[in-house]
Structure formats: C-alpha cells, structure tokens
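Colleague: Below are the chains, spelled out letter by letter.
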Amino acid sequence: MSRAEDGRVHLTREHALELLRRMMLIRSFEEKCAELYTQEKIRGFLHLYIGEEANAVGVMQALEPEDAIVATYREHGHALARGISASAVMAEMYGKASGSSRGRGGSMHIYDAGHRFYGGNAIVGGGLPLAVGLALADKMQGLTRVTCCFFGEGAAAEGEFHESMNLAALWKLPVLFVCENNGYAMGTALSRSESNPDIAAHAAVFGMPADVVDGMNVVDVEAAARRAAKAVRAGEGPRFIESKTYRFRAHSMFDAELYRDKSEVEEWKKRGPVIRFTKWLLDTGTAHESDIEAIEREVETIVGDAVTFAEAAPWEPVDDLTRDVMSPAKGAVR
Amino acid sequence: MTAMRTITYREAVREALREAMARDERVFLMGEDVGRYGGAYACSKGLIEEFGEERVRDTPLSEAGFTGAGIGAALGGMRPIVEIMTVNFSLLALDQIVNTAATLRHMSGGQMSVPLVIRMATGAGRQLAAQHSHSLECWFAHVPGLRVVSPATVADARGMLWTALEDPDPVVIFEHAALYNDEGEVSAEGDLARDLDRAAVRRSGEDVSIITYSGSLKKALTAADTLSAEGIDSEVIDLRSIRPLDNETILTSVAKTKRAVIVDEGWRTGGLSAEIAARISELRFYDLDAPVERVCSVEVPIPYPRHLETAATPQPDGIMTAVHRTLRR
Chain A
196 MSRAEDGRVH LTREHALELL RRMMLIRSFE EKCAELYTQE KIRGFLHLYI
246 GEEANAVGVM QALEPEDAIV ATYREHGHAL ARGISASAVM AEMYGKASGS
296 SRGRGGSMHI YDAGHRFYGG NAIVGGGLPL AVGLALADKM QGLTRVTCCF
346 FGEGAAAEGE FHESMNLAAL WKLPVLFVCE NNGYAMGTAL SRSESNPDIA
396 AHAAVFGMPA DVVDGMNVVD VEAAARRAAK AVRAGEGPRF IESKTYRFRA
446 HSMFDAELYR DKSEVEEWKK RGPVIRFTKW LLDTGTAHES DIEAIEREVE
496 TIVGDAVTFA EAAPWEPVDD LTRDVMSPAK GAVR
Chain B
313 MTAMRTITYR EAVREALREA MARDERVFLM GEDVGRYGGA YACSKGLIEE
363 FGEERVRDTP LSEAGFTGAG IGAALGGMRP IVEIMTVNFS LLALDQIVNT
413 AATLRHMSGG QMSVPLVIRM ATGAGRQLAA QHSHSLECWF AHVPGLRVVS
463 PATVADARGM LWTALEDPDP VVIFEHAALY NDEGEVSAEG DLARDLDRAA
513 VRRSGEDVSI ITYSGSLKKA LTAADTLSAE GIDSEVIDLR SIRPLDNETI
563 LTSVAKTKRA VIVDEGWRTG GLSAEIAARI SELRFYDLDA PVERVCSVEV
613 PIPYPRHLET AATPQPDGIM TAVHRTLRR
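Residue numbers (the numbering used here), protein chains in the order written: chain A, 196 to 529; chain B, 313 to 641.
Each hint should be verified, as a subset may be incorrect.
Pair by pair, the computed Cβ-Cβ distance ranges are [claimed, not checked]:
no., chain 1, residue 1, chain 2, residue 2, range
1, A, G430, B, G389, 16 to 22 Å
2, A, L338, B, D509, 32 to 38 Å
3, A, A429, B, D509, 46 to 52 Å
4, A, D393, B, E495, 31 to 37 Å
5, B, D509, A, G430, 41 to 47 Å
Here are a few chain B residues that face chain A, going by a calculated C-beta distance under 10 Å [unchecked claim]:
no., residue
6, P372
7, I383
8, P392
9, L403
10, L620
11, A623
12, A624
Source of the hints: derived by calculation from the structure; they are not laboratory data. Ideal placement from N, C-alpha and C gives every residue a C-beta, glycine not left out.
Based on the sequences and whatever the hints tell you, model everything.
Modeller: Written out as structure tokens, the structure reads:
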C-alpha cells in the first residue's frame with residue numbers, strides 16, 4: 196500500500212489496481228449517466244466528470260474517514276471516490292427517495308453526513324466559506340481533521356474564493372484547497388477570464404504553500420495530496436493544490452461546445468487518466484489484460500446494479516414536500 | 313413577584329451574548345469589529361477580555377466569507393453567532409444565507425442542520441443615509457429555511473438570543489439601530505422572554521389593530537396613546553417573529569377590532585406589510601369594517617438630513633392618520 200508518510204506513493208500492485216478500479220467506476224458511472232440522460236431518466240443539469248477522474252481518486256487517498264469534503268456541482272466522481280455507494284448516487288440522479296439526498300438535490304447536490312460529504316454546491320465559489328467554517332469548528336474543538344475543498348478554476352474569479360483563502364490563511368485553518376483547473380469556466384477559457392491565469396499564484400498572495408500537479412496522472416495527484424494533507428493535519432495551516440486537468444465531455448448536457456476545437460479535446464484524450472494509467476500498468480507488468488478486464492466487468496456490474504436500484508427506488512411522496520424545510524421540532528411555517 | 317431591573321437594549325444584547333457564551337462552550341461570536349473595537353454598536357464591548365479572541369473573533373471585511381464560515385462551523389458542531397454590522401452589508405452575504413444556510417436541511421434530505429444565529433442592525437433614525445439605514449427584513453422573511461425575529465423591546469433583546477441558539481435551524485435576528493439606547497425592564501432572572509414563536513399584544517384595545525414590529529413599535533404605542541385621548545382604543549401587536557408570522561394573534565385581533573393598520577419601516581412594494589394585508593384579506597375579509605391601511609417607508613433610498621429621514625419613515629402622525637381613515641374620521 197502507499198501509506199508512506201513522506202508523501203511519496205509506493206505503488207503496490209494492489210493499490211495501483213484500486214486506483215484504476217475507482218477511476219474506471221467513475222468513468223463507467225458517468226457514461227451510463229449520459230446514456231440515461233438521453234433516455235430522460237435523468238433531467239436538469241448533468242455535469243460529467245469524464246476526463247477528470249484522477250483528481251478525486253488521487254486526493255481521496257490522502258483523506259481519512261473523519262475528514263470532511265466540500266465539492267462542486269461536478270461531484271459525482273468525488274462522491275464515488277469518497278465511497279458513497281453508486282446506488283445511492285444513481286438514485287439521486289433519478290430524483291428518487293433512496294438517493295443520497297432523498298432525491299431532492301439531484302446531480303448537483305449530493306450530500307452524505309456519514310461520509311462527511313458536504314455537497315454538491317452549485318454556486319461557483321460558494322463551497323469555500325463552508326470549508327473554512329468546518330475547519331474552524333475542528334480547530335476550535337481541538338480536532339486534527341482535514342477539510343478538503345474542491346473547486347474549479349472559475350471559482351478563482353469569485354470574491355468568496357479570495358475571502359475564504361484569506362480567512363483560512365489568517366486563522367491557520369486545516370483546509371486543503373484543491374483547484375481542479377480544467378481550463379474552462381463553462382465556456383469561458385481561463386485566459387479570457389483571469390488577469391493572471393496562474394491559479395496557484397493566487398495562493399502565494401495569502402502566504403499559502405501551493406503545488407501544481409498534472410491532474411491527468413492519478414499517482415502525481417495522490418502524492419501531492421498526501422504531502423499537503425500531512426502538513427494540514429500537522430497544524431501547519433491550509434495548503435493549496437492546483438490540478439491541471441480537462442473535461443472530455445461538454446460542460447453540461449446543454450452545451451454545444453462552440454468555444455473549443457475538437458482537436459484540442461482529442462489531444463487531451465490521448466493523455467486521459469484512465470487510458471494512460473492502464474497503459475503504464477500493462478507496460479510495467481504491474482497488471483495484465485485479464486486484470487483490466489476483471490475491473491471492467493466489476494464496475495459494469497456495480498453501475499448496472501445502481502441503475503436497477505434507482506429504477507426500483509420509490510419517489511418521495513408529495514405529502515413529504517415540506518418535510519425538513521425546518522427541523523421537525525419546529526414544524527412547518529404557518 | 314419577579315424582581316425587575318432597568319437596562320438598555322444594548323446592554324440586553326450584551327448580557328444575552330455573555331450568558332450564551334458562559335452557558336455553552338460551543339457558542340462563539342464572529343464578525344467585523346466585534347472584539348477589540350467592542351462592536352460597531354458596542355454590543356460586545358468587554359466580551360473579548362472575558363472570553364478571549366478565539367470566541368470573540370474579529371473578522372476581515374468579508375461578509376460572505378465569515379457568514380459562510382459560520383454555516384460551516386455550525387455544521388461542524390459549533391454554535392456560532394455571526395454579527396453583520398448592518399442589513400445593508402448583509403447583502404454581500406446573501407449567497408451564503410439564502411443559497412446555503414436556508415437550503416441545506418431540505419436539499420440534503422434532512423441530513424444537515426445549520427444551527428447558526430446571524431445578528432444584524434437594521435433601520436433608519438440615526439442619519440446614516442442610504443447604505444446603512446434600510447429595513448430589508450422582508451427579504452429574509454421571504455426565504456423558506458430561515459427563521460427571522462425582530463426584538464422590539466429590551467426584554468426581547470435580552471431573551472431571544474438563547475432560544476435562537478437552541479434552534480437547530482438558522483435564525484436571523486434584526487436589532488433596530490435606533491433602539492440600542494432605549495431603556496426597558498427585564499426580569500432579574502428566570503422568566504426571560506425566551507419564546508420566538510408568538511406575536512405579543514403590547515396594548516389591548518377594541519377599535520383598531522395596529523400591527524407592527526421592531527423600531528416602529530414605540531411609534532405605534534405613541535400614536536395609540538394620543539388616539540386614546542380622542543377616545544379611540546387601539547390594540548398594538550408586536551410581531552416579534554416575522555418568519556413564521558403568528559397568524560393566530562394577528563387574525564384574532566382583527567376579528568375583534570375589524571380594522572387593521574400595518575406599520576412597517578420597510579417599503580410598501582412587495583413588503584412585509586403587503587404579506588400581512590394579504591393574509592388578513594384572505595382569512596378575515598368578511599370581518600373587516602374598513603380597508604386595511606398601511607404605513608410604510610416612502611419609496612426612496614433613506615436620505616441623510618434629519619427632516620427628510622423622518623419624512624421618509626413611519627411616524628406617529630402618519631399612523632394616527634391611517635387609524636382615522638379606518639374609522640372614517
């Protein structure tokens with residue numbers, strides 16, 4: 196296993212296959228979601244994580260069960276990598292009552308208190324203050340837990356990003372900021388939206404150590420996350436990772452992708468996190484074709500079971516519409 | 313017989329903060345200038361010396377950042393009190409309040425609680441002009457998932473905070489800036505005005521119901537006293553909670569008096585007075601002997617000069633005129 200405390204990743208065969216399995220589960224899950232969207236089983240916005248799998252999978256290796264996660268509206272991958280069941284996430288996509296948020300949130304709002312998974316936030320930058328507060332609570336209670344906050348490079352233009360980075364650095368809070376820089380805030384390229392497109396440089400403004408990592412390489416991401424999480428856990432204050440990545444699919448299912456060349460997408464696909472890691476595993480003899488095929492079958496089964504579960508799951512009764520607007524102790528608004 | 317004592321509204325807020333922090337170590341106060349400065353309205357003066365800078369936490373000028381941090385800290389097991397200097401500044405934190413604090417419980421299927429208290433000053437009367445004087449309570453009262461209260465008396469300012477902190481949901485407390493120096497009586501201990509749910513009948517009467525809240529309460533009571541000399545017996549209702557509204561107290565009063573005057577320092581258009589008037593017309597239309605009257609702020613940004621600020625906001629004269637109209641006098 197790769198549990199080296201120095202942040203280096205010692206890739207055993209077992210751990211390597213686990214990384215691949217988790218990335219392939221996300222890939223398979225997301226491809227199924229796209230298919231289900233065309234069948235109108237999933238509605239609303241659907242933001243797929245295809246191409247970015249190495250980020251969630253790599254970072255999660257550095258987190259413990261007691262740590263907290265705040266993610267974005269492109270968070271299916273984070274939820275699955277955190278260990279939330281594919282069935283609960285798929286039922287949420289369907290809007291069914293067995294979903295991770297009882298179906299009320301859908302694709303953009305996955306919550307799981309048991310996994311300390313705090314969304315699922317569809318306001319760009321909106322999750323960062325939340326992460327600061329979770330970390331503040333830990334620090335005030337003397338808990339050595341990490342709050343890991345994922346966001347995209349688009350968030351760096353939001354005031355809440357700068358306010359949160361300042362607060363976390365000022366109060367030396369245990370936050371691991373992970374910027375998944377996929378180059379586009381919806382359809383707006385980074386160079387068209389930031390005066391300084393070097394996102395990691397923003398962290399320096401607050402005196403926050405930052406790492407820039409190849410977000411298409413799961414091993415590199417894991418290594419960077421381990422180094423950063425170790426420092427955060429040791430009470431050294433917040434750390435920042437900029438992970439350079441790319442989404443292979445459209446921003447959402449409504450996106451005609453008029454803002455980027457197909458050739459650019461094809462170039463990035465050659466460096467895809469699954470294809471490249473698979474090739475490396477085979478080239479080095481760490482894994483055999485039969486291992487890959489076994490994982491393919493395994494994740495297809497998990498995703499197939501998730502769809503079966505979601506199809507069979509009940510809808511929330513309309514009578515429950517106003518349940519949990521306020522706590523049950525207080526009752527509904529008169 | 314409970315012993316009573318007289319303190320100011322500001323002292324009541326400070327006592328409530330001190331009591332909360334002494335009772336529960338999870339409680340902390342966070343906001344701009346709450347610590348070393350002692351609070352923009354001096355509500356937290358002395359508390360940093362007593363509880364330390366961890367629990368009386370000065371923040372940078374980052375309303376969205378520290379309000380969101382309050383939400384996160386509440387999720388993480390603390391009981392934060394976030395102070396925002398004025399309701400006008402809270403607009404910078406509306407994203408966190410409306411999109412996160414108010415939505416989390418429902419959107420997460422009941423998994424997440426946000427036991428956060430947000431306090432802020434509101435209202436005109438101190439010649440602070442159009443970016444420090446507005447009454448935007450109704451914006452917050454519009455939002456499911458929030459509880460909104462507005463202590464109009466010293467006793468309520470003293471008592472409401474603890475109940476708000478015990479609430480598992482986010483509570484927004486509006487403190488009218490023109491009330492901080494007012495004096496009033498509170499119980500020495502024990503039976504403080506803790507409840508957040510019910511409106512209070514501050515003056516009983518038979519002829520007309522004057523329904524108000526916050527800084528307008530004392531103006532309504534002044535008008536009621538003057539009207540009394542003319543033989544008009546007004547009932548004055550202090551809403552206390554503006555989300556949820558206490559329909560029962562409002563409607564019981566209107567059923568009795570058959571006339572209603574709503575006094576709201578917010579603007580008329582789309583405001584709290586419109587909501588209350590609508591409820592009365594929906595539920596007590598056939599009891600009414602006169603159209604519902606409203607006394608609201610004039611639809612202008614609140615101006616600086618005293619005479620214009622006074623003219624822009626509800627005053628006893630205007631309340632009396634409205635009462636006269638309902639009685640066709």
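Colleague: Now tell me, hint by hint, if it's right for this structure.
Modeller: Hints and how they fare:
Remark: the range hint 16 to 22 Å for G430 of chain A to G389 of chain B is upheld by a beta-carbon distance near 19 Å. Range check, L338 of chain A to D509 of chain B: Cβ separation about 35 Å, and the 32 to 38 Å hint holds. Checked against the hint of 46 to 52 Å, the pair A429 of chain A and D509 of chain B passes, with Cβ atoms roughly 47 Å apart. For the pair D393 of chain A and E495 of chain B, the beta carbons lie near 58 Å from each other, so the given range of 31 to 37 Å is not met.
A C-beta distance of roughly 43 Å is found between D509 of chain B and G430 of chain A, which places it inside the suggested range of 41 to 47 Å. Satisfaction of the interface hint for P372 of chain B is found here, the shortest Cβ-Cβ separation to chain A being roughly 6 Å, below the 10 Å cut-off. Among the interface hints, the one on I383 of chain B holds; its C-beta lies about 6 Å from the nearest C-beta in chain A, closer than the 10 Å criterion. Satisfaction of the interface hint for P392 of chain B is found here, the shortest Cβ-Cβ separation to chain A being roughly 8 Å, below the 10 Å cut-off.
The beta carbon of L403 of chain B comes no nearer than 13 Å to any beta carbon in chain A, farther than 10 Å, and the hint placing it at the interface is violated. Checking L620 of chain B against chain A: minimum C-beta separation of about 33 Å lies over 10 Å; hint violated. Because the beta carbon of A623 of chain B sits about 35 Å from the nearest beta carbon in chain A, more than 10 Å, this interface hint is broken. A hinted interface residue such as A624 of chain B counts as satisfied when its beta carbon comes closer than 10 Å to some beta carbon of chain A; here the least separation is about 31 Å, so the hint is violated.
The earlier numbered hints that this structure contradicts are 4, 9, 10, 11, 12.
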